[in-house]
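Student: Chain residues, written in single-letter form:
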Amino acid sequence: METALKIEHLNKTLGKKQILHDVSFETYKGEVFGFLGPNGAGKTTTIKIAVGMLFLDEGEISICGVDIKKNFEDAMSLVGGIVENPEMYKELSGMDNLKQYARMRKGVDQERIDRVVEIVGLSNRINDKVKKYSLGMRQRLGVAQAILHRPEVLILDEPTNGLDPAGIKGLRNVLIRIAHEENCSVIVSSHLMSEMELMCDRVGIIANGKMLAIKQIDEFKEEAFGNSLKYSVVTADNDKAMQLITSKFDVEAKLSGDGIKVEVSIPKESDVKISGINRALIEDGIDIETVVQEESRSLEDAFIQLTAQEGGNQIA
Amino acid sequence: MLKLIVNEYIKMLKRKSTIIATIIVVLACVGLQLILKYTFNNLYSDEDYDSRSSMTVEAYEESIQQRIEDGDVLHSTKRQLEFVQALKKVGIKEMDHPCVSEVEEVILSGSYHGMPVEEKDVPQVLELISYECTDFTHFLEIASEQSDMEYTKAALNNAITNPYKYLLDKGVKDVDDERVQKVYDIVNLQNQIESYDDNSADTIEMIKNYKVTKYALDNNLGYYIDDNTSLSMYSGEKQETLWMVLLNSSSIFAILSICMLVLAGQIVAKEFSEGTIKFLLINPVKRGKIITSKYLTLVSMSFILMVVTFVINIVLAVIFNGGHNLGCQYVTYSLSKEKVVAYAAILYYAKTYLLSFVQVIVYETMAFALSSLLRSTAAAVGAGIACMLGGSIVTSIMMAFHIDWGRYLIFSNVDLQAVMNQTTGYIGHTMTFAVGVIVVHMIVFLLTAYDGFVRREV
Numbered sequence: 001m002e003t004a005l006k007i008e009h010l011n012k013t014l015g016k017k018q019i020l021h022d023v024s025f026e027t028y029k030g031e032v033f034g035f036l037g038p039n040g041a042g043k044t045t046t047i048k049i050a051v052g053m054l055f056l057d058e059g060e061i062s063i064c065g066v067d068i069k070k071n072f073e074d075a076m077s078l079v080g081g082i083v084e085n086p087e088m089y090k091e092l093s094g095m096d097n098l099k100q101y102a103r104m105r106k107g108v109d110q111e112r113i114d115r116v117v118e119i120v121g122l123s124n125r126i127n128d129k130v131k132k133y134s135l136g137m138r139q140r141l142g143v144a145q146a147i148l149h150r151p152e153v154l155i156l157d158e159p160t161n162g163l164d165p166a167g168i169k170g171l172r173n174v175l176i177r178i179a180h181e182e183n184c185s186v187i188v189s190s191h192l193m194s195e196m197e198l199m200c201d202r203v204g205i206i207a208n209g210k211m212l213a214i215k216q217i218d219e220f221k222e223e224a225f226g227n228s229l230k231y232s233v234v235t236a237d238n239d240k241a242m243q244l245i246t247s248k249f250d251v252e253a254k255l256s257g258d259g260i261k262v263e264v265s266i267p268k269e270s271d272v273k274i275s276g277i278n279r280a281l282i283e284d285g286i287d288i289e290t291v292v293q294e295e296s297r298s299l300e301d302a303f304i305q306l307t308a309q310e311g312g313n314q315i316a
Numbered sequence: 001m002l003k004l005i006v007n008e009y010i011k012m013l014k015r016k017s018t019i020i021a022t023i024i025v026v027l028a029c030v031g032l033q034l035i036l037k038y039t040f041n042n043l044y045s046d047e048d049y050d051s052r053s054s055m056t057v058e059a060y061e062e063s064i065q066q067r068i069e070d071g072d073v074l075h076s077t078k079r080q081l082e083f084v085q086a087l088k089k090v091g092i093k094e095m096d097h098p099c100v101s102e103v104e105e106v107i108l109s110g111s112y113h114g115m116p117v118e119e120k121d122v123p124q125v126l127e128l129i130s131y132e133c134t135d136f137t138h139f140l141e142i143a144s145e146q147s148d149m150e151y152t153k154a155a156l157n158n159a160i161t162n163p164y165k166y167l168l169d170k171g172v173k174d175v176d177d178e179r180v181q182k183v184y185d186i187v188n189l190q191n192q193i194e195s196y197d198d199n200s201a202d203t204i205e206m207i208k209n210y211k212v213t214k215y216a217l218d219n220n221l222g223y224y225i226d227d228n229t230s231l232s233m234y235s236g237e238k239q240e241t242l243w244m245v246l247l248n249s250s251s252i253f254a255i256l257s258i259c260m261l262v263l264a265g266q267i268v269a270k271e272f273s274e275g276t277i278k279f280l281l282i283n284p285v286k287r288g289k290i291i292t293s294k295y296l297t298l299v300s301m302s303f304i305l306m307v308v309t310f311v312i313n314i315v316l317a318v319i320f321n322g323g324h325n326l327g328c329q330y331v332t333y334s335l336s337k338e339k340v341v342a343y344a345a346i347l348y349y350a351k352t353y354l355l356s357f358v359q360v361i362v363y364e365t366m367a368f369a370l371s372s373l374l375r376s377t378a379a380a381v382g383a384g385i386a387c388m389l390g391g392s393i394v395t396s397i398m399m400a401f402h403i404d405w406g407r408y409l410i411f412s413n414v415d416l417q418a419v420m421n422q423t424t425g426y427i428g429h430t431m432t433f434a435v436g437v438i439v440v441h442m443i444v445f446l447l448t449a450y451d452g453f454v455r456r457e458v
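Just so you know, the protein sequences line up as chains A and B, in that order. Our numbering puts the first residue of the first sequence at 1, with every later residue one more than the last. Our numbering puts the first residue of the second sequence at 1, with every later residue one more than the last.
No lab work stands behind these hints: they were computed from the structure. Keep in mind it's a predicted model, so treat the numbers as computed, not measured. We put the CB at the ideal spot given by N, CA and C, even for glycine. Possibly wrong hints are sitting among the right ones.
What the hints assert, rightly or not - Straight line, CA to CA, 20 Å or less: simulated SDA-like cross-link-like pairs of lysine to any residue:
| id | chain 1 | residue 1 | chain 2 | residue 2 |
| --- | --- | --- | --- | --- |
| 1 | B | K289 | A | F55 |
| 2 | A | K69 | B | G452 |
| 3 | B | K337 | B | N199 |
| 4 | B | K339 | B | Y215 |
| 5 | B | K289 | A | F72 |
Stated by the list, open to error - Far from chain B by the CB rule (all over 10 Å, computed), these chain A residues:
| id | residue |
| --- | --- |
| 6 | Q100 |
| 7 | Q110 |
| 8 | I119 |
Chain A extracted, bound-state conformation:
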């Protein structure tokens, strides 16, 4: 796969505080890369450095092989993006705003502008002044601005902020299409794992300025769900049920929720079936009220757990 954005050993100190510690990662053309981290982890800082709004203390950044320090204008002509909130010139119409950006970039004609407006679904309101736009509409205009010049690397900082569910879905489809069909490297930052799950091919997790993991989304799923199936068993006598299960079967069982249920986890490779446990409980005279399969650990929990190791939920 062709490398699009390459960040190597990035260090950044703002004021006295070191925001980024030796951050390195690569993104490839044709993939959607999720840049995931809790608030204050350094996502926006990394993105701002990559587009030249902040300056790097140490490290190298290149876009499709073009170093951003040595050849800023060439590197930036390959990048499109939204950083933080989509703030446009309020006194201008959406169209006039896009024309502003078209003048600063090469190869954007009126036809392309119209096409982009159509892609983001703003055709009906594009001639209204931006001050009349809602947050979602400004976000769409921001995306239109970002993809205007057919960039090789598209960097979107929390692009789903303020979008309605239909808008989020639409944006997701646009981004997946741009990545997979136009062979663009799309980088989306977010603090919502569930959002990433739906559109990203690969995810990098950052917390407290350190890259914790970069994995395929499937690998994350694998890890999160683990190798066992989990069930909640509620019986008339939970204590007795737990003792029975642990003594008769080679599975883990523990009381949870102050003893209102028994949590049973059965390894995937094990022969033990939940039906067998059921039968054993009934045969032993323990009345079963419910047996439910748990959505084992969600990706969200895995994300929270992973980032919690780096300083918990305190903003770094």
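Given the coordinates of chain A, assemble chain B onto it according to the supplied hints.
Tutor: Relative to the frame of chain A, chain B by itself:
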């Protein structure tokens, strides 16, 4: 770069504050012209002197007799009657005749050409005046015959450069001719220059006036303007109002400065306060180019506004005050070239306008630097206006306390027009010095603006 400037213009012109600023500048222009028109018109109409000079001698005599009939028993009123009768004897019919003052001097002060005249000689002197005012050739003959009298000697002395002969050579027969007054001026100046005979500023000023007046006379210029036009006392001549108004309309630059200061304060800071800076900087354009295009937009905008106010000023001044003198000449004596320089007055006006315009550029550059440095529109505009107004107060206070290094402050130097006219109050304040101070400050402002924008993290 051109496209960036187009972008900046679109952004600026869509902003309400720009439109308001432009309207304020245009309204200020119109208002200023109206104020000046009425100021000068009032001066023109309420002069007491004026009412006398517009009368005929007979009408004036009647008005004095009326006063006596009304019970005025003052001695001076009686002398006035005597004076009017003398005027009639000499043959003067209008009160604005150039020789009226000579007769007045003889009758009321008893002197002629500065020399005392005895009571018995009065008729003889009056006869002399009657020739002086009508027939120069005859005057010279009669005066030389009576050269034993002190006052005749004085009259001839004044005529030593032969202004009367000069006038005759020029074919001036009519004493009402405005050139007669110029000849008197030249003779007076020459006498003064000779009697002072030094290099003081006053003498140099007199020499300049002398050369300029002589040039105008030699070349039959008719009405012309010179360095004193804007400063000189308004003599009530209707024809002077046009250029008096134009040359006194420089206060428009204070308003233009403030309006440009507001635009300059916004042009960078607003991108930050509105958050649009991030969308500007993500474009494949170096920050240096962006800040340069912003500055060029500002300068060109103020230049356009300057030209607009220039045209409005001229058009309105012509409409209000009549335009027959618009094409007249500007005459000055260049000390460095040691010769008289004359060119179209409208060019001179453009030159003074450009000189005053420099302050607009300086102040807007200052606000531009503040805008880039502070990244807050309100702070940049506020600090800019405070500097502009406070600066001039500070310099005038420093002047009052004779703190000489005040001349190094930018505020003492921005008004190049004042520097050129030597009206800043600092001795030996030359144009070169002022330009030097301005250039140094401009470099500091521009570097601040550039550095503040290019090196700042967003």
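Student: Check the hint pairing K339(B) with Y215(B) against an upper bound of 20 Å on the C-alpha distance.
Tutor: 10 Å, holds
Student: Do the alpha carbons of K289(B) and F72(A) lie within 20 Å of each other, as the hint requires?
Tutor: Measuring from Cα to Cα gives roughly 12 Å; hence the hint holds.
Student: Given the hint that K69(A) pairs with G452(B), test it: the Cα-Cα distance must not exceed 20 Å.
Tutor: Within the cut-off at roughly 19 Å; holds.
Student: CA of K289(B) to CA of F55(A), is that 20 Å or under?
Tutor: 18 Å, holds
Student: Should the label of Q100(A) as a non-interface residue stand, given a Cβ cut-off of 10 Å to chain B?
Tutor: 5 Å, violated
Student: Against chain B, does Q110(A) keep a CB gap of more than 10 Å to every residue?
Tutor: Check passes; 15 Å lies beyond 10 Å.
Student: Just to be careful, I want the Cα atoms of K337(B) and N199(B) compared with a cutoff of 20 Å; is the pair within it?
Tutor: Holds: K337(B) and N199(B) sit about 17 Å apart, inside 20 Å.
Student: Classify the label on I119(A) as holds or violated, using whether its beta-carbon is more than 10 Å from each beta-carbon of chain B.
Tutor: 18 Å, holds
Checked against the numbered hints above, the structure breaks only hint 6 and satisfies the rest.
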